[in-house]
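Take the given structure of chain S and dock chain X to it, following the hints.
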Amino acid sequence: MIDEGPPHYQMAVDEAILLLRGAGVSPDTLRLYVFNPSSVTIGYFQSLRESVNLSYVKEAGIPVVRRVSGGGSVYHDSCGEVTYAVILPAGDLPSDYVESFKLICEGVVRAARKLGCNARFAPLNDVVSADGRKFSGSAQARRLGAVLQHGTFMYATDVETLARCLSVPKGKYSESDVVNAIMRRVTTVSACAGRPVSRGEAIQALREGFAEALDAELVEGRYLPAELELAKSLAWKYRSGEWLELRP
Amino acid sequence: MRVCSLVKRPSEKVIKICIDLSVSREGRCVVEGVQVTGDFFAERPERIDRFIESVRGADAAGVDWVRLIRELAADSRIYGVSDSSLEELGASVSKAVRKACGGGTLA
Numbered sequence: 001m002i003d004e005g006p007p008h009y010q011m012a013v014d015e016a017i018l019l020l021r022g023a024g025v026s027p028d029t030l031r032l033y034v035f036n037p038s039s040v041t042i043g044y045f046q047s048l049r050e051s052v053n054l055s056y057v058k059e060a061g062i063p064v065v066r067r068v069s070g071g072g073s074v075y076h077d078s079c080g081e082v083t084y085a086v087i088l089p090a091g092d093l094p095s096d097y098v099e100s101f102k103l104i105c106e107g108v109v110r111a112a113r114k115l116g117c118n119a120r121f122a123p124l125n126d127v128v129s130a131d132g133r134k135f136s137g138s139a140q141a142r143r144l145g146a147v148l149q150h151g152t153f154m155y156a157t158d159v160e161t162l163a164r165c166l167s168v169p170k171g172k173y174s175e176s177d178v179v180n181a182i183m184r185r186v187t188t189v190s191a192c193a194g195r196p197v198s199r200g201e202a203i204q205a206l207r208e209g210f211a212e213a214l215d216a217e218l219v220e221g222r223y224l225p226a227e228l229e230l231a232k233s234l235a236w237k238y239r240s241g242e243w244l245e246l247r248p
Numbered sequence: 001m002r003v004c005s006l007v008k009r010p011s012e013k014v015i016k017i018c019i020d021l022s023v024s025r026e027g028r029c030v031v032e033g034v035q036v037t038g039d040f041f042a043e044r045p046e047r048i049d050r051f052i053e054s055v056r057g058a059d060a061a062g063v064d065w066v067r068l069i070r071e072l073a074a075d076s077r078i079y080g081v082s083d084s085s086l087e088e089l090g091a092s093v094s095k096a097v098r099k100a101c102g103g104g105t106l107a
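Chain order of the listed sequences is S and X.
Number 32 in this note's numbering belongs to position 32 of the first sequence; there are no gaps in the numbering.
Number 63 in this note's numbering belongs to position 63 of the second sequence; there are no gaps in the numbering.
Please keep in mind that the hints were generated in silico from the structure rather than gathered at the bench.
Predicted model only: the values in this text are computed from it and were never measured.
The C-beta atom is built at its ideal place from N, Cα and C for all residues, glycine as well.
Check each hint, because a few of them may be wrong.
[To be verified] No more than 25 Å apart at the CA atoms, straight line, and that leaves these computed lysine-lysine pairs for DSS-like:
(1) S/Lys-114 x S/Lys-237
(2) S/Lys-170 x X/Lys-16
(3) X/Lys-95 x X/Lys-8
(4) S/Lys-102 x S/Lys-58
(5) X/Lys-8 x S/Lys-134
(6) X/Lys-8 x S/Lys-170
(7) X/Lys-8 x X/Lys-99
(8) S/Lys-114 x S/Lys-102
(9) S/Lys-102 x S/Lys-134
(10) X/Lys-16 x X/Lys-95
(11) X/Lys-99 x X/Lys-16
(12) S/Lys-114 x S/Lys-134
(13) X/Lys-95 x S/Lys-170
(14) S/Lys-102 x X/Lys-8
(15) S/Lys-58 x S/Lys-237
[To be verified] What follows is a set of in silico ranges between Cβ atoms, one per label pair, in the way DEER data are often shown:
(16) X/Arg-2 x S/Lys-134: 47 to 57 Å
(17) S/Glu-50 x X/Glu-26: 52 to 62 Å
(18) X/Glu-53 x S/Lys-58: 53 to 63 Å
(19) X/Ala-74 x S/Met-183: 31 to 41 Å
[Said to hold, decoys possible] Some chain S residues near chain X, calculated using beta-carbon distances under 10 Å:
(20) Ser-47
(21) Glu-50
(22) Leu-54
In isolation and in its complexed conformation, chain S is listed as follows:
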């Protein structure tokens, strides 16, 4: 079952499972979810104003939330993107960071290939098409000996809206220059595969891809009461202006 919900909820659930996995309460977890409404998330260390086109997202009514993980700004299209989260003990992953990203991103690579897109891992944290255009980016956070890696799977994202959300004019470059530059570097699984890919197909491919890459038997489950309780108390943080403006 796909979990659809607003950005503060999705980020709170990811962090709650990370903390409870670290505490030995939650099991190893693969979450597949959709941001609804479409949203922008930014990395823990990013400057809000330097990473998001604030005037555009305000006008378009697109919420922005700061993640607990590092990495860059991301547009999550409710009609064209599935987000994955893998939560595991750090000890179950390679100690080298590139290798740890690569191992989990292998699930995304395999999913894309099942859908007809010849994908490959691009260090540190991207998955790209054969011509090097990105359709998946991932980020990690590490707490209490556990690792959360979450990332995008853009099966049919509206790439122009993505580019407008993330286009922050830099120096001599105008907003339209930046939009065009982003659009040249980004693609979708549908475009890569040369056919429309549905959300259902994307989810099924991700399940199979992660099961193979992590050599895991996936058992569908529900959130633990403790996970939901902690997520509820963490959600206030993700809703707060103070957290969003942590680095203005």
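Only chain X this time, still in chain S's reference frame:
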């Protein structure tokens, strides 16, 4: 005044440090605040926030920024940025602070 330095190499993450400086009554160049931003990763992000607190109020010209940034990267376990980029960042911050502070007072 604010001085900023950043490093961005292909296939690496961005890390940027901005330092807000002011002049004390004694004419010293004082660190008012520090902002560390970018799309890098850190295993212990809270150490970066602690670092920011630790240098607030310090004599900017008297701080060994190269050593401090090296220690910060190791302590917070920054990844996605190479050691050589962090060294370059430290040197760049140090140079920018020296230029802004002149002989210890803001130029």
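Which hints from the list above does the structure break, by number from lowest to highest? Violated hints (numbers, rising): 1, 4, 16, 17, 18 and 22; every other hint is consistent with the structure.
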